[in-house]
Amino acid sequence: MKRTYTALLLAIAFAPITFADTIVSIGGGASYDNTAAVQVQPLVDLALLGAYSWLPTDRLGLFADVSAGGTYEPLSGVVAGLLAASADASYMSDGYLMRLSVSSVANPSTADVFYSASSADLLLSYGSPAGSISIAPRFSLVEESGTTAALSGRIGLAWLFFDSMLVKPSIEGGMDVPGGVSTAWHLNPALDFDWYPGGSITLAVRAGYARSFSTSYSSLVSGGVLLPLDSWERYSLSAELSWLLSKGVSLTAKVPCDYYLKNYDAFSGVTDLGVPAWVVNLSPTIDLGIPVSEQTDFVLSLQGNFDLSNSDIERKNSAAIKAHFEFHLE
Amino acid sequence: MLRRVLVAVYLVSFCGGIVLAQQAGELSLSRWFTESQSAPAYRLIEQDLYAIFRAADASSIPPGLLINRLNLAAARKLPPATVVAGMRQELARLRSGSEILDRVAASAGGMQQVTASRRTELLNTVSIYLGGGLSVDFLDSILSGAATSGRPIDDAFQACSVVLEVKRVGGFTDAELLTFGSALVNSRISPSGYGTIGSFIVRSSAADRERAGLLASVSRILRRGGGLPQMELELGRRR
Numbered sequence: 001m002k003r004t005y006t007a008l009l010l011a012i013a014f015a016p017i018t019f020a021d022t023i024v025s026i027g028g029g030a031s032y033d034n035t036a037a038v039q040v041q042p043l044v045d046l047a048l049l050g051a052y053s054w055l056p057t058d059r060l061g062l063f064a065d066v067s068a069g070g071t072y073e074p075l076s077g078v079v080a081g082l083l084a085a086s087a088d089a090s091y092m093s094d095g096y097l098m099r100l101s102v103s104s105v106a107n108p109s110t111a112d113v114f115y116s117a118s119s120a121d122l123l124l125s126y127g128s129p130a131g132s133i134s135i136a137p138r139f140s141l142v143e144e145s146g147t148t149a150a151l152s153g154r155i156g157l158a159w160l161f162f163d164s165m166l167v168k169p170s171i172e173g174g175m176d177v178p179g180g181v182s183t184a185w186h187l188n189p190a191l192d193f194d195w196y197p198g199g200s201i202t203l204a205v206r207a208g209y210a211r212s213f214s215t216s217y218s219s220l221v222s223g224g225v226l227l228p229l230d231s232w233e234r235y236s237l238s239a240e241l242s243w244l245l246s247k248g249v250s251l252t253a254k255v256p257c258d259y260y261l262k263n264y265d266a267f268s269g270v271t272d273l274g275v276p277a278w279v280v281n282l283s284p285t286i287d288l289g290i291p292v293s294e295q296t297d298f299v300l301s302l303q304g305n306f307d308l309s310n311s312d313i314e315r316k317n318s319a320a321i322k323a324h325f326e327f328h329l330e
Numbered sequence: 331m332l333r334r335v336l337v338a339v340y341l342v343s344f345c346g347g348i349v350l351a352q353q354a355g356e357l358s359l360s361r362w363f364t365e366s367q368s369a370p371a372y373r374l375i376e377q378d379l380y381a382i383f384r385a386a387d388a389s390s391i392p393p394g395l396l397i398n399r400l401n402l403a404a405a406r407k408l409p410p411a412t413v414v415a416g417m418r419q420e421l422a423r424l425r426s427g428s429e430i431l432d433r434v435a436a437s438a439g440g441m442q443q444v445t446a447s448r449r450t451e452l453l454n455t456v457s458i459y460l461g462g463g464l465s466v467d468f469l470d471s472i473l474s475g476a477a478t479s480g481r482p483i484d485d486a487f488q489a490c491s492v493v494l495e496v497k498r499v500g501g502f503t504d505a506e507l508l509t510f511g512s513a514l515v516n517s518r519i520s521p522s523g524y525g526t527i528g529s530f531i532v533r534s535s536a537a538d539r540e541r542a543g544l545l546a547s548v549s550r551i552l553r554r555g556g557g558l559p560q561m562e563l564e565l566g567r568r569r
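Same order as they appear, the protein sequences are chains A and B. With our numbering, letter number 189 in the first sequence gets 189, and the count goes up by one each step, no holes. To convert, take the position in the second sequence, counting from 1, and add 330; that gives our numbering.
So that you can see chain A by itself, here it is in the shape it has in the complex (with noise of 0.2 Å):
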């Protein structure tokens, strides 16, 4: 056993970067936020992405991506930057998938609040070509004016019917403890179905929803009932459709669609909203992208951010314009 574990642990060791896609992006745009001083924002940002794996066998891989970039709005002089990375090991055996990963994020801005966010997974799944059933734990920290821990975990299945439509249920449930001094729960039923026709057009479209109790109180009173801390209800509904519309021309649009219920809002600063808060927010994007050469790519994205609610302070309206040429280093 001993040997094995050494073996496994040298051929990880001395694997060779199987395949590897360093791309640098350079590009600029617009942007307009209903909510800011300078509502109309030109951009320029520069990104660095890697995604490299190994296979040093055929049940083993052994996948790892970074990012890092920024962005400069010259008119405000606001830099934001995006540090990101992650790394996971699969494992798989007739049938068997295991998969074992970490990841991190932080978003340093001038502007807002220092954000990250850390967490690890694991996947075990079982099936064959047909279907699969798989158990998802994970656990993670969240770093936001304050630290959150979650641990959560997720139990799906995935049945492909004739052939190219792949149904997927999942219901996923866990707490959250903000602070350390609260508890949060969140339950997440939700159905995938995926169709994949053949050829070079695919259509995704998700239904889930959300709810998240807490289990403690705010001090204030509303109509004589103590209102909990961040509760939420959520109704989503998204498609999301690609193409390739001709040798290498991509298109991918998504069209998310959320309708949250919020009963109190913590982060707010607005102590009884009286009665709750809805909002149907609609964040479209859509993504254009053609080669240029051979190593180039040029990407056009378009991004929305569109609030409609019955409270001021969740109405909140962005748009952003970006074009990127991506060149992938050898």
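Take the hints with a grain of salt, since some may be wrong.
Here are the simulated DSS-like cross-link-like pairs (lysine-lysine), alpha carbons at most 27 Å apart as the crow flies [unchecked claim]:
(1) A:K322 to A:K254
(2) A:K322 to A:K247
(3) A:K254 to B:K407
(4) A:K262 to A:K316
(5) A:K254 to A:K316
(6) A:K247 to B:K497
(7) B:K407 to A:K247
No lab work stands behind these hints: they were computed from the structure. Everything numeric in this text was worked out from a predicted model, so none of it was measured.
Keeping the supplied structure of chain A fixed, place chain B upon it in accordance with the hints.
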């Protein structure tokens, strides 16, 4: 005496058959020049076309395939010089395709049983694959590999069609495409589901522009007996 007559009749009919087969291309082209409304525009290149069709006859290429290409070129009103160059390229592809089918037939007995019309159909498909950018080595490897392992040749052709679709995404090496094609044809996926795997790769490439190892990872899952559910779990995280 009777025996001599029979031998003579046999020789005349046999050699006549060969001559007729050898002239089939020229006859087809001659008929095309007589009947096609587009023909007058291509009188200038008549001799070049006859030379191409004679070369096709010598390689036993069914003339109907070349006539189809000629009709397509004429329908698009391509200039005569372009038509000659295109027809020469098509002839080269058909010759390569014919050699590939001969090698596949040599790998296993099954291909030898195909009818002439079926062989013409397969030859046309191989020519399309070559025109789409699949290499002779790739087709040799996938088609002969399937024939040797006893897989139906139609499964291998189905896999090649999916690889051709994946190749349109761009950014994949020939070695990656060969690994993927080979894993697909030897996988537990039914041939009617091959296109689904191709669509998954197209979607993953469009959603995540980092393509490093995508085909290698998909091939690994196929070799380990997995399919689309496992690919969603294993690779969906990168989107």
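Straight-line Cα separation of K322 of chain A and K247 of chain A no greater than 27 Å?
23 Å, holds
Measure nothing beyond the straight line between the CA atoms of K254 of chain A and K316 of chain A; if it is 27 Å or shorter, mark the hint as holding.
Between K254 of chain A and K316 of chain A the Cα gap is close to 19 Å, so the pair holds against 27 Å.
Sort out whether K497 of chain B lies within 27 Å of K247 of chain A, counting only the CA atoms.
8 Å, holds
Could you grab the alpha-carbon distance between K322 of chain A and K254 of chain A and see if it respects the 27 Å cut-off?
Roughly 16 Å between the alpha carbons, so the hint for K322 of chain A and K254 of chain A holds.
Has the given pair, K407 of chain B with K247 of chain A, been kept, meaning a C-alpha gap of at most 27 Å?
Between K407 of chain B and K247 of chain A the Cα gap is close to 24 Å, so the pair holds against 27 Å.
Pair hint K262 of chain A and K316 of chain A, alpha-carbon separation not exceeding 27 Å:
15 Å, holds
Tell me if the straight-line CA distance from K254 of chain A to K407 of chain B falls inside 27 Å.
41 Å, violated
Going through the hint list in order, the structure does not satisfy hint 3, though it satisfies all others.
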